[in-house]
Amino acid sequence: MKEVKRALLLIGGPRGLDGTSALLAEHLVEGFSRLSVATRREAVVNVVESEAQMEELLWGVDRADLVVLVSPVWMQGLTGPVTELFSEIVRRRGSVRSIRARAFAAVLYSRMPEAEACDAAMAICRQFARKADFSWRGGLRLPQSDVLDAAPWFQSIRASAVFAALRDSARCWTAGRPASGSAVRLMAKPLLPWPVYLVAQSVGLVREARKNGVRELLGHRPLGR
Amino acid sequence: MRAVVLDGSEKNDAALGKVRAEVGKNLAGMGWQVSHLPLCDMEIAPCRGCRACWTRTPGQCVLEDQGRQVLAALCSSDLAILLSPVVFGGFGAVLKTALDRCLGFHSPFVERCDGRFRHKARYSRKPALLTLGLLTASDGDSQRVFHGMVSDLAWQMQAPRNETLVLFSRHSQAATAQQVREAFARVTARR
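Residue numbers (our numbering), protein chains in the order written: chain R, 185 to 409; chain X, -6 to 184.
The shape of chain R in the complex, shown without the other chains:
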């Protein structure tokens, strides 16, 4: 049975519709489209800068059967703009009593090697769902998100399971269920063994710094000792 006809995807990354959040959301959209669920994507970072856009988004939240946040984890939590949006949603749902409970799910990712880095932020999402009177559909945690910035051929090899898990989760959420255990496990499974990932990540950082002419300054302490 299809419980979801309209899904709203909140893109929490700072690069809006052009970053890792958007890439992950793309595969959710694909999963939803296969089930004829109408989807809308909104970049949170743009929305919080404009009152008109915020009002429009809150209206969109009221109308959606399912809201999904796709967001990076920074400093153990959700980003500032996502926190701001969540507060607005709760304020709105607290003042407009006719809004019935609908569903909320989250896809969180981190550049740390293990999925546990998303745990605190996921707990915050669960609290938000409770305060906003959404039914919580659970969340997916993706570690090693730097891999998604890698070359497309590498991405297609390492991340295909991630994208499949997203499409599968869209199917479960549409049916009113939490994401399947296998999708949750696939997402949380490190794409590379952690020592390999850390080496690859470091090589990437050094290469980027060299390109910017600051290879020797990576450990620079401009503000203290």
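Rather than coming from a laboratory, the hints here were simulated on the basis of the structure. Glycine included, every Cβ here is placed at the ideal spot set by N, Cα and C. The reader is advised that the hints may include incorrect statements.
Said to hold, decoys possible - Simulated crosslink set (DSSO-like; lysine-lysine; CA at most 27 Å straight-line):
{"no.": "1", "chain 1": "X", "residue 1": "K113", "chain 2": "R", "residue 2": "K373"}
{"no.": "2", "chain 1": "R", "residue 1": "K315", "chain 2": "X", "residue 2": "K11"}
{"no.": "3", "chain 1": "X", "residue 1": "K18", "chain 2": "X", "residue 2": "K4"}
{"no.": "4", "chain 1": "R", "residue 1": "K395", "chain 2": "X", "residue 2": "K113"}
{"no.": "5", "chain 1": "R", "residue 1": "K315", "chain 2": "X", "residue 2": "K4"}
Unchecked claim - What the simulated footprint calls covered on chain X by chain R, stretch by stretch (three residues with Cβ under 8 Å from a Cβ of chain R suffice, anywhere in the stretch; the number is not a length):
{"no.": "6", "segment": "50 to 61"}
{"no.": "7", "segment": "86 to 92"}
{"no.": "8", "segment": "116 to 125"}
Once you've looked at the hints, dock chain X against the given chain R.
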């Protein structure tokens, strides 16, 4: 000794104002050099996630606004006091937006320590952390999430000492004062 207060209260937040006053009293009695940053009155744009503070201008944010003051104060302090409403078990948007801009506090490289992962430290001097969260009513779940999140953050920041206190706006000023005083004593105690 230096302390920075990252004040994440929103405009006209009387309840956090009381906590702020207690923080001020305690700091005044310690004779430390204090920077108070009222974040909601400062111009701090959200982090762009460009990683320039890692690989273009290491340790410095490229956004030219008052977010830079937050990072600078954090890097030169012995004690950082984080003041915020507890929002869904996390920090409020004002403080979180400011903290997001402090990515340059860490080195971009990640290390494994005690079976967990964290960024390597950029600076050898790291502030102790005193986090004061405010809730309007008792909420066990939010408190648990908040304590867990701050504990992770303190570990990531390699804070030499970490003290987290959740206060309630319905508590009397005297009760709040005592709790804040005790938290200060614990976080500044010589170990």
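Hint by hint, here is what the structure shows:
A hinted pair counts as satisfied when its Cα atoms are at most 27 Å apart, and X/K113 with R/K373 qualifies at roughly 23 Å. The straight-line distance between the Cα atoms of R/K315 and X/K11 is roughly 25 Å, inside the 27 Å bound, and the hint therefore holds. For a cut-off of 27 Å, the pair hint linking X/K18 to X/K4 stands: about 21 Å separates their Cα positions. With a CA separation close to 22 Å, the supplied pair R/K395 and X/K113 stays within the 27 Å bound.
With a C-alpha separation of about 22 Å, the suggested pairing of R/K315 with X/K4 holds against the 27 Å cut-off. Check result for the segment 50 to 61 of chain X against chain R: holds, 4 residues qualifying (beta carbon to beta carbon below 8 Å, three or more required). Three residues within the 8 Å Cβ limit are the bar, and the segment 86 to 92 of chain X against chain R gives 6, so the coverage statement holds. As drawn, the segment 116 to 125 of chain X meets chain R at 3 residues by the rule of a beta-carbon pair under 8 Å; at three or more, the given contact holds.
Comparing the model with each earlier hint shows no violations; every hint is respected.
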